[in-house]
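As they're listed, the protein sequences go chains A and B. The numbering of the first sequence is the numbering used here, which starts it at 345 and goes up by one. The numbering of the second sequence is the numbering used here, which starts it at 931 and goes up by one.
Hint data in this document are derived by calculation from the structure and do not stem from the laboratory. The beta carbon of each residue, even a glycine, is placed where N, CA and C say it ideally should be. Keep in mind that a hint or two might mislead.
Stated by the list, open to error - With a cut-off of at most 20 Å between alpha-carbon atoms, the simulated EDC-like pairs for lysine to aspartate or glutamate come out as follows:
| no. | chain 1 | residue 1 | chain 2 | residue 2 |
| --- | --- | --- | --- | --- |
| 1 | A | Lys584 | B | Glu974 |
| 2 | B | Lys973 | A | Asp448 |
| 3 | B | Lys973 | A | Asp603 |
| 4 | B | Lys973 | A | Glu524 |
| 5 | A | Lys584 | B | Glu963 |
| 6 | B | Lys973 | A | Asp610 |
| 7 | A | Lys675 | A | Glu484 |
| 8 | A | Lys612 | B | Glu974 |
| 9 | A | Lys504 | A | Glu484 |
| 10 | A | Lys525 | B | Glu974 |
Stated by the list, open to error - Computed footprint of chain B on chain A; a stretch qualifies when at least three of its residues, placed anywhere within it, have a C-beta under 8 Å from a C-beta of chain B:
| no. | region |
| --- | --- |
| 11 | 367-375 |
| 12 | 559-566 |
| 13 | 605-616 |
Residue strings, one per chain:
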Amino acid sequence: MRKNNLLKQLLTIAFVIIFFISFNLSIYALFTMRLANNFSDTSQAKMIDVGMYLPHNEESDLATIESSLKLKDNLPVLDGAAALVPVYASIIHNVYPKGCVTYDGGAFSDDNFYGENFAKDSKMQYKNTVRGYQAIVDGETDILFCATPSAEQKAYAEEKGVELVYVPVGLEGFVFFVNEKNPVENLTTQQVRDIYAGKYTNWSQVGGPNRVINPVTRLEGSGSQSAMNAFMGETKIAPKSPLAIAGGSIGFSFRYYMDGIVGNQDVKMLSLNGVYPSAENIQNGTYPIIAKFYAIYRADNENENIHILIDWLLSEEGQTLIEDTGYVRIK
Amino acid sequence: MKQKTYFNLLITVVVICLIFTIAHLIYAIKAYEHCSIIYFIAKELW
Chain A
345 MRKNNLLKQL LTIAFVIIFF ISFNLSIYAL FTMRLANNFS DTSQAKMIDV
395 GMYLPHNEES DLATIESSLK LKDNLPVLDG AAALVPVYAS IIHNVYPKGC
445 VTYDGGAFSD DNFYGENFAK DSKMQYKNTV RGYQAIVDGE TDILFCATPS
495 AEQKAYAEEK GVELVYVPVG LEGFVFFVNE KNPVENLTTQ QVRDIYAGKY
545 TNWSQVGGPN RVINPVTRLE GSGSQSAMNA FMGETKIAPK SPLAIAGGSI
595 GFSFRYYMDG IVGNQDVKML SLNGVYPSAE NIQNGTYPII AKFYAIYRAD
645 NENENIHILI DWLLSEEGQT LIEDTGYVRI K
Chain B
931 MKQKTYFNLL ITVVVICLIF TIAHLIYAIK AYEHCSIIYF IAKELW
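Please model the entire structure based on the sequences and the hints provided.
Set out below in structure tokens:
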């Protein structure tokens, strides 16, 4: 009798332990394992490896053209979104003199969130969208290369009494992507809106397998989230069910960032309304969601080279450079 | 095992397991806020 009781007690304790282990392992397999957070250098590299885009470096992956513009002094400090690092690094590479960029390596940490190992006087910086907008408003950067600002970013500039000038300098496709094994290849723009609005919650409702849809969003204020909010318009993004975590995800980004910079073979871009987001379809306007990206500067910035540089960027030479970096020309 | 000892042991085990589980969930939520969504979707099980 006593032995039976002891066995029961031990079994209960064992059951509790096994229950918690199973629960945690399930959460790990479905969720935690997939979280490559930005505190690790490997995942930062997936965001963008700035070291691959350093100007005046033979090993860098930058576009080179015969530029008629060569700036020598009063060099504007350039900063921007992760996706646009190849663009503004290529501008420096072709237009600025050697020695104007000082980069001390790519170690990432909590204090160095985006691998900001550029010296203070370096003419190339990398703060990404959210902090890049703060830097341009606070006067730390002369030209910021970014997508459309969020309402918060506009409000921050207004609050500080700063007028920003937005000059569109290139085009990019705003794309939706899924896991490579998801059989869905195409959605309509309305289906995408309905997915994020919570109307469609299962892939079978849009021609896919019977699996819950997990509509993934980004950090508010990031360039792609601002573009997504603009795409949704008046339609609100619905909160998703916690169970969606186990579903098949759909996410969004910009074409060249997906295809040219990250280049992850385990995800695929979706066609929208039957049109694939190729550079050609963005240029000819058949792809339905085309976003402009901007060169942004403070209206009260007196550095005349800002205007010279932006005028050049809109010239045939500058637009060729945009195209050669993998983006789509606006002119 | 005495009932009192058993309950104390059971409560200790549950509390320890809960602490680990909560820590795991807090880490996961924090990491999710900063994770690469491309990597997140690429690692999805199909």
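Here is how each hint holds up against the structure:
1. A:Lys584 / B:Glu974: holds (18 Å)
2. B:Lys973 / A:Asp448: violated (32 Å)
3. B:Lys973 / A:Asp603: holds (17 Å)
4. B:Lys973 / A:Glu524: holds (10 Å)
5. A:Lys584 / B:Glu963: Status holds; Cα separation ~15 Å.
6. B:Lys973 / A:Asp610: holds (8 Å)
7. A:Lys675 / A:Glu484: violated (30 Å)
8. A:Lys612 / B:Glu974: Judged against 20 Å, a Cα distance of about 13 Å means the pair holds.
9. A:Lys504 / A:Glu484: Holds, at about 14 Å.
10. A:Lys525 / B:Glu974: holds (9 Å)
11. 367-375: This one holds; 7 residues, not fewer than the three required, reach chain B with a Cβ under 8 Å.
12. 559-566: holds (count 3)
13. 605-616: Holds, because 4 residues of the region 605-616 of chain A bring their Cβ atoms closer than 8 Å to Cβ atoms of chain B.
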